[in-house]
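Input sequences plus hints: build the corresponding full structure.
The primary structure of each chain is shown beneath.
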Amino acid sequence: MNENLMNPLEEAALSDELFERVGTEGLSGEDIGHKSLTYWADVWRRFRSNKMAILGLILLIAVVVMLFVGPMLSGKDYQFIDASLKNLTPNSEYWFGTDDMGRDLFTRICVGGRISIYIGLCCTLVMFVIGALVGALAGLKGGWVDDLIMRFCEFIGNLPYLIIVVILSLVMGRSMFSLVFAMSITSWVGTARMVRGQILQIKEMDYVQAAKALGADTNRIIIKHLLPNTMGIIMVTITMSIPGFIFSEAFLSYIGLGVRPPETSWGALASAGQQQLMFYPHQLFFPCLMIVITMLAFHLIGDGLSDALDPKLRQ
Amino acid sequence: MLKFIGKRLAYAVLTLFLIATATFFLVAGAPGDPIAAKVGQMPEQAQQIINAKYGFDKPVVVRYFIYMKNLITTGDFGESVIYTGKSVNDVIKENTGVSAKIGLVALVFQVVIGIALGLVSALNRGKPVDHITRFMVVLAICVPSFVFASLLQYLLAFKWKLVPIFGWGQLKHYVLPVAAYAIGGIASYTKYMRSSTLSVISEDYIITAKAKGCTKGRVVRKHIFRNAMLPIVTMIGPALAGIFAGSFIIEKMFSIPGLGFYYVKAVSDNDYTMIIGLTIFFALLYVGSLIVVDILYGIVDPRIRVAKGQK
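For the protein sequence lines, the chains are A and B, in the order given. Per the working numbering: the first sequence = residues 1 to 315. Per the working numbering: the second sequence = residues 1 to 311.
Note that these hints are calculated values from the structure, not bench results. Among these hints, one or two may not hold up.
[What the hints assert, rightly or not] The calculated SDA-like cross-link candidates involving lysine to any residue, where the alpha carbons are at most 25 Å apart (straight line), are: (1) B:159 / A:97; (2) B:191 / A:289; (3) A:51 / B:227; (4) B:93 / A:161; (5) B:7 / A:289; (6) B:3 / A:143; (7) B:7 / A:145; (8) B:69 / B:125; (9) B:191 / A:171; (10) A:51 / B:130; (11) B:127 / A:49; (12) B:7 / A:171; (13) B:7 / A:153; (14) B:191 / A:244; (15) B:7 / A:177; (16) B:210 / B:227; (17) B:191 / A:143; (18) B:86 / A:50; (19) B:159 / A:292; (20) B:93 / A:145; (21) B:265 / A:177; (22) A:203 / A:218; (23) B:161 / B:195; (24) A:51 / B:133; (25) B:265 / A:50; (26) B:3 / B:291; (27) B:159 / A:89; (28) A:51 / B:141; (29) B:191 / B:138; (30) B:127 / A:50.
Remember, it's a predicted structure, so these values are computed and weren't measured experimentally.
Below, the structure written as C-alpha cells:
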C-alpha cells in the first residue's frame with residue numbers, strides 16, 4: 001500500500017482483471033446465518049452468558065446435591081444422640097462438629113436444609129398460584145370484581161406482615177402446614193397486583209386484538225398470549241421470594257415458632273447455635289454459611305434472570 | 001385533600017377494627033391455656049376467682065364485647081395473664097420509646113450511609129470502589145440480621161471487649177444493635193441509590209448542565225443528587241411505618257426492653273392478653289404511620305394527590 005503511494009508509476013500495473021464483476025451468485029447475504037430462537041431459548045442464551053448467574057446456578061445445584069447426598073456420605077443419623085460426643089469441633093469423623101446433644105451437625109444441616117428449601121418452595125408456590133389466579137381474575141374481569149379484589153389487597157397490604165405470621169403460627173400450632181399457611185397467606189398480594197398490572201397492559205396489545213379478531217376465545221388468549229408474556233416477570237419474583245421465605249422461617253424458628261423438634265431447619269439450627277456462640281462458634285457458623293450460600297445463589301440467579309428477561313437489554 | 005384524608009382514616013379504622021376482632025378470636029382459640037398453667041396448684045375457689053378476674057368464666061363472645069368496650073371507651077388493653085398487676089398499657093407506655101429510638105437511629109444510619117455509598121458507587125461505575133461496594137451489598141443482603149448480630153456480639157463484644165454484649169441505657173449500648181439492625185437497610189438503600197443515580201446520569205439535562213460548564217461538584221450536588229433522591233424518598237415512608245415491627249430479633253438478642261422484646265416474650269409465655277393488646281397496638285402504629293406517610297406524600301407530590309383523589 002505504502003509502496004503504491006510512493007511510486008505512482010506502478011499504478012499502470014493494475015490490469016483490467018482486477019476490476020471484473022463478481023456478481024451476487026456466490027454470496028450469502030440473504031441467508032439467515034443463525035437459526036431462529038424461541039423466546040425462552042433467547043433468555044437462556046443471555047442467562048448463560050452471565051457468569052455470575054451461572055455461578056449462582058452451580059452453587060444452588062451444589063447445595064441441593066449436598067442436602068440429599070450428604071447424609072449418605074456421612075453415614076450418621078440426624079436424630080442420634082450421643083452424650084459422650086457433645087459440642088465437638090469439626091474433625092474428620094464429624095465434618096461440621098456436633099451439637100450440644102452430640103448429634104452430627106453436618107447431617108442435621110443437610111436434613112434441616114431440605115426442610116428450609118421445602119418451606120421456601122411451598123410458600124412460593126402457594127403465593128404464586130393464589131396471586132396469579134386472583135390477579136388474573138381482577139385484570140381480566142375488570143369492573144366491580146377488580147374493585148373488590150383491589151380493595152381486599154389494599155386491606156391485606158395494610159397489615160404488618162411479621163405480626164400476622166407470628167399470630168397465625170401461634171394459633172395454628174407448630175406444624176409444617178401452619179408454617180406455610182402463615183407465611184404465604186398475606187404474601188400473594190404483591191403477586192396479584194403485579195399479574196393484574198401485566199394483564200391490563202398486555203390486554204391492550206395489538207397482537208391480542210388480532211387474536212380476538214381472528215376468533216380466538218378467551219381461554220386461548222389466556223393460554224397462548226397472557227400466560228407466556230407474564231411468565232418472565234413472575235419467574236423473577238419467584239426466584240427472589242424463595243430466599244425471603246427461608247429468611248422468614250429462620251426468624252420464626254428463632255423466636256420458637258418454627259418447625260417442631262425433632263424436625264429441624266437452618267433457622268432452628270442457627271438459633272440453637274446462637275445460644276452456644278460464646279463457646280462453640282462453629283455451631284452457628286455452619287448453618288449460617290449454608291443460609292448465606294443459598295441466599296447468594298438465589299440472588300445471583302434472580303439478578304441474571306431479570307437481566308435476561310429485561311426487554312431493554314434485548315437486542 | 002380533606003376528602004382523601006377522611007377516606008383514608010375511615011379505611012384505617014375499619015382495618016384496625018377487623019384486626020382487633022380477628023386477633024381476639026384467633027388467640028382465644030389458640031392451643032394452650034395460660035390460666036391453667038398459672039392456677040394448676042391452687043385450690044378450687046382460688047381458681048374460680050382468677051378465672052372470673054380475667055373473664056374466663058364467660059363465653060368468648062361476651063369476653064370479646066367486654067374487651068372491645070373497655071378498649072374503645074377507656075383505651076384499656078387489659079392486664080397480663082402471666083405477670084399479675086402488669087397491664088399491657090404499662091408495657092406500651094414504658095417501652096414504645098425504646099423501640100422507636102433504636103428504630104429511628106438505625107433508619108437514619110441506613111438512609112445516610114446507603115445514599116452516600118450508592119452515590120459514590122454509581123459515580124465511580126466500573127472502578128474498584130464500585131466493585132467492592134456491590135460485593136458488600138450482595139453479601140449484606142444474603143446474611144440474616146440475627147447472624148450478623150451474633151457475629152458482632154462475638155467479635156466486638158466477646159473477643160475484643162470493645163462494647164458490652166447486651167444491656168440498655170447508655171450510649172455504648174446502642175452500637176451493636178444499631179449496627180446489626182442497620183446493615184440490611186444500608187445494603188438495600190445503596191443498591192437502589194446506585195441504580196437511581198445511574199439512570200439519572202444518562203439523562204439529557206445532565207449533559208446540558210455539563211455543556212453549560214457546570215463544575216463536576218455542582219453537577220453532582222445540584223443535578224444528579226437531587227433527582228436520584230426522589231425514588232429513595234418514597235422508600236423511606238414505608239420504612240418509617242415498619243420501624244416498630246422490624247426489631248423483634250435485635251431486641252431479643254441484645255435484651256433491649258422494647259416492644260418487640262415483650263412481644264416475643266409474650267408469645268413464648270403464651271401471655272394471652274399481652275399478645276392481643278400488643279398486636280392491636282402494633283397494628284395501630286403501623287396503620288397510623290402508613291396514613292401519615294400517605295398524607296405527607298400528598299403534600300409533597302401533587303400528582304399523587306390527584307391520582308388518589310380521583311380513585
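Verification of the hints:
no.	hint	result
1	B:159 / A:97	holds, 22 Å
2	B:191 / A:289	holds, 23 Å
3	A:51 / B:227	violated, 32 Å
4	B:93 / A:161	holds, 23 Å
5	B:7 / A:289	violated, 48 Å
6	B:3 / A:143	holds, 23 Å
7	B:7 / A:145	holds, 21 Å
8	B:69 / B:125	violated, 60 Å
9	B:191 / A:171	violated, 37 Å
10	A:51 / B:130	holds, 18 Å
11	B:127 / A:49	holds, 22 Å
12	B:7 / A:171	violated, 33 Å
13	B:7 / A:153	holds, 17 Å
14	B:191 / A:244	holds, 17 Å
15	B:7 / A:177	violated, 38 Å
16	B:210 / B:227	holds, 16 Å
17	B:191 / A:143	violated, 38 Å
18	B:86 / A:50	violated, 59 Å
19	B:159 / A:292	holds, 23 Å
20	B:93 / A:145	violated, 43 Å
21	B:265 / A:177	holds, 24 Å
22	A:203 / A:218	holds, 11 Å
23	B:161 / B:195	violated, 39 Å
24	A:51 / B:133	holds, 19 Å
25	B:265 / A:50	violated, 46 Å
26	B:3 / B:291	holds, 13 Å
27	B:159 / A:89	holds, 19 Å
28	A:51 / B:141	holds, 20 Å
29	B:191 / B:138	holds, 9 Å
30	B:127 / A:50	holds, 19 Å
In summary, the numbered hints that this structure violates are 3, 5, 8, 9, 12, 15, 17, 18, 20, 23, 25.
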